[in-house]
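Going down the list, the sequences are from chains R and X.
Here the numbering used here is used: position 88 in the first sequence is 1328, and no number is missing along the way.
Here the numbering used here is used: position 83 in the second sequence is 87, and no number is missing along the way.
Quick caveat, the hints were computed from the structure, so don't treat them as lab data.
Selected chain R positions facing chain X (Cβ under 10 Å, derived; list incomplete):
1) Leu1268
2) Ser1298
3) Met1308
4) Ala1323
The structure displayed is predicted, hence computed values, not measured ones.
Here a beta-carbon is modelled for each residue, glycine too, at the ideal position from N, C-alpha and C.
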Amino acid sequence: MGALGTVTTNHFLFLSAALFIIGMVGVLVRRNFLIVFMCVELMMNAVNLSLVAFSRESNTLYGQGFAMFTIAVAAAEAAVGLAIILAMSRRIASVDVDEFSALRD
Amino acid sequence: MTFDALVFYILAAICVAAAAGVVVARNPVHSGLFLVITFFHVAAMFVMLGAEFLAAVQIIVYAGAILVLILFVIMLVDPDNMPELHGARPIQRSLGAILALILLLEVGLAIVNRGFYGPGGNATLGNIALVGGNTQALGYVLFNQYTLPFEAVSLVLLVGVVGAIVLALPERLGEQIRLRKGTISLGHPRGTEEALPTGPAGESPIFTPEDRVETEAVGGTRELILVGDGDQYTTVGGGDRRR
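Next up, chain R with everything else stripped away, as it sits in the complex (with noise of 0.2 Å):
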């Protein structure tokens, strides 16, 4: 652990745990469903900027280009999620997670 003055990888990996864990907040406590798609999103972040760290650390790209293809995922992923989102809007009018239960019940 490096002092204060400079920046060490774990004042990124510190920042990606800030990240991830409010982006797991906001998934269990917002009822919206666009909003938990963002902090589901802000959580890949997170991750992102913790192997970009790592890769920086261990002095090879493997990390970056893990990220790359995270990304990518995440670009599938959104247009997916966000279909889902408009398909349940207009069949069950609203897009509260709490009316997301036909599976459940």
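Based on these hints, arrange chain X on the given structure of chain R.
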């Protein structure tokens, strides 16, 4: 404190604050705008970590594509369908806060006590500069060792786009188009004085030929166009309006 550290702390503080804004904002559009702030700051972090290409990709894909998509969907969803924030979920909120504190403590301990194992690679800043920069070095890695996964990602994107179109299509598109023939077509539904019958929840009001309402010429001020099919139509009323 070095200049690097100062920049890092400022960026990190704004980043975390904007991320918190995503969660607490009442308006989904505000959440989206907070999210774009977070994305830009994560991109700045990528620059600080020497991943310039990834920073550009981050801005183009996340801030450029995904966020615009989210904003479009926010505008497509009826605001009445959005659930209220702070709608009394006390159990979830307190549980979320407790879980967040525990997890932050746990991850913090893990970060502080972690060790680095393995030989480490040769992609030092000097070596990366030798091959021309971060973009070139990342290109070598992607297209030498990860060519097949790279192509597989293109397939994932294709399937994702097809799935998104299938999901987002109206469920009875063909039926709606069939019913739309032989109905009254107005410039705008609010152009008539009579209230139009509303369809089932979430659907546009569409006349079936059985309960079709033939409105008389309304008042003579607004024009009514009765459409048989694409080729024949008659106009009623609205005589004094310039066309």
